[in-house]
Amino acid sequence: MYEILMIAFLVVALVLIGFIMLQQGKGADMGASFGSGASNTVFGSSGSGNFLTRATAGLAVVFFILSLVLGNLSTSTDESSNDFSDLSVPAEEQELPPADDKSESESDVPPID
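Read left to right, the sequence shown gives residues 0 to 112 (numbering that gives the first Met the number 0).
Keep in mind that the hints were calculated from the coordinates and are not lab data.
Beta carbons: idealized from backbone N, C-alpha and C, even for Gly.
Among the hints, erroneous ones may be present.
What the hints assert, rightly or not - Simulated DEER-style distance windows between Cβ atoms:
| # | residue 1 | residue 2 | range |
| --- | --- | --- | --- |
| 1 | S73 | D107 | 48 to 56 angstroms |
| 2 | L86 | A56 | 44 to 52 angstroms |
| 3 | Q23 | F83 | 50 to 58 angstroms |
| 4 | L72 | L21 | 47 to 55 angstroms |
| 5 | N71 | V14 | 19 to 27 angstroms |
| 6 | Y1 | G57 | 17 to 25 angstroms |
| 7 | Q23 | F62 | 19 to 27 angstroms |
| 8 | G24 | F83 | 48 to 56 angstroms |
| 9 | S84 | D112 | 51 to 59 angstroms |
| 10 | S84 | F50 | 51 to 59 angstroms |
| 11 | S84 | P110 | 43 to 51 angstroms |
| 12 | S84 | N49 | 33 to 41 angstroms |
Please put together the full structure from these sequences, using the hints given.
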């Protein structure tokens with residue numbers, strides 16, 4: 000299930016990139032460079048949009064839904080173990096090596112004069 004959703008996510012992402020690259024910007028008309036583009040309204044004068052804008056909006060919704068579903072599937076796995084659940088020291092590290100019985104004269108630390 001996860002692999003199928005991941006492949007669908009990749010395909011939707013690539014098609015979404017293609018649709019965005021095919022669209023023309025608001026100020027890309029020839030008249031926009033001579034000042035006629037300044038009379039556009041806040042949301043543009045094109046109205047509700049053509050097929051590419053509607054398809055891009057639909058693909059964006061599918062992309063975000065697939066993102067949420069894949070994120071939920073990847074975090075809700077019970078196979079992962081918590082490394083900090085057992086903080087006790089293993090038995091082999093608890094044993095201390097025997098201390099050497101060195102006198103002060105045989106010490107590795109030089110005497111303070």
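message = Looking only at beta-carbon atoms, does the pair L72, L21 fall within the given range of 47 to 55 angstroms?
response = Roughly 31 angstroms apart at Cβ, these two residues miss the hinted range, so it is violated.
Q) Q23 and F62, beta-carbon distance inside 19 to 27 angstroms? A) holds, 21 angstroms
**Verdict for Y1, G57 (Cβ pair) under range 17 to 25 angstroms** = About 23 angstroms separates the Cβ atoms of Y1 and G57, which means 17 to 25 angstroms holds.
**Distance restraint evaluation - G24, F83, Cβ atoms, bounds 48 to 56 angstroms** = Taking Cβ atoms as reference, G24 and F83 lie about 51 angstroms apart, which means the hint holds.
Next on the checklist: Looking only at beta-carbon atoms, does the pair S84, N49 fall within the given range of 33 to 41 angstroms?
Outcome noted: The hinted range 33 to 41 angstroms is violated for S84 and N49, with Cβ atoms some 56 angstroms apart.
Exercise. Is the gap between the beta carbons of N71 and V14 within 19 to 27 angstroms?
Worked result: Taking Cβ atoms as reference, N71 and V14 lie about 23 angstroms apart, which means the hint holds.
Range hint compliance [Cβ, S84 to F50, 51 to 59 angstroms]: At roughly 54 angstroms between Cβ atoms, F50 and S84 fall inside 51 to 59 angstroms, so the hint holds.
Original post:
Is the gap between the beta carbons of S73 and D107 within 48 to 56 angstroms?
Top reply: holds, 53 angstroms
**S84 versus D112 beta-carbon gap, inside 51 to 59 angstroms or not** = holds, 53 angstroms
Can you let me know if the beta-carbon spacing of L86 and A56 is within 44 to 52 angstroms? Hint holds: Cβ distance 50 angstroms, inside 44 to 52 angstroms.
Determine whether the Cβ-Cβ distance between S84 and P110 falls within the hinted range of 43 to 51 angstroms. Between S84 and P110, where Cβ atoms are some 48 angstroms apart, the hint holds.
Does the Cβ distance between Q23 and F83 fall inside 50 to 58 angstroms? With Cβ atoms ~54 angstroms apart, the hint holds.
Violated hints for the displayed structure, listed by number in ascending order: 4, 12.
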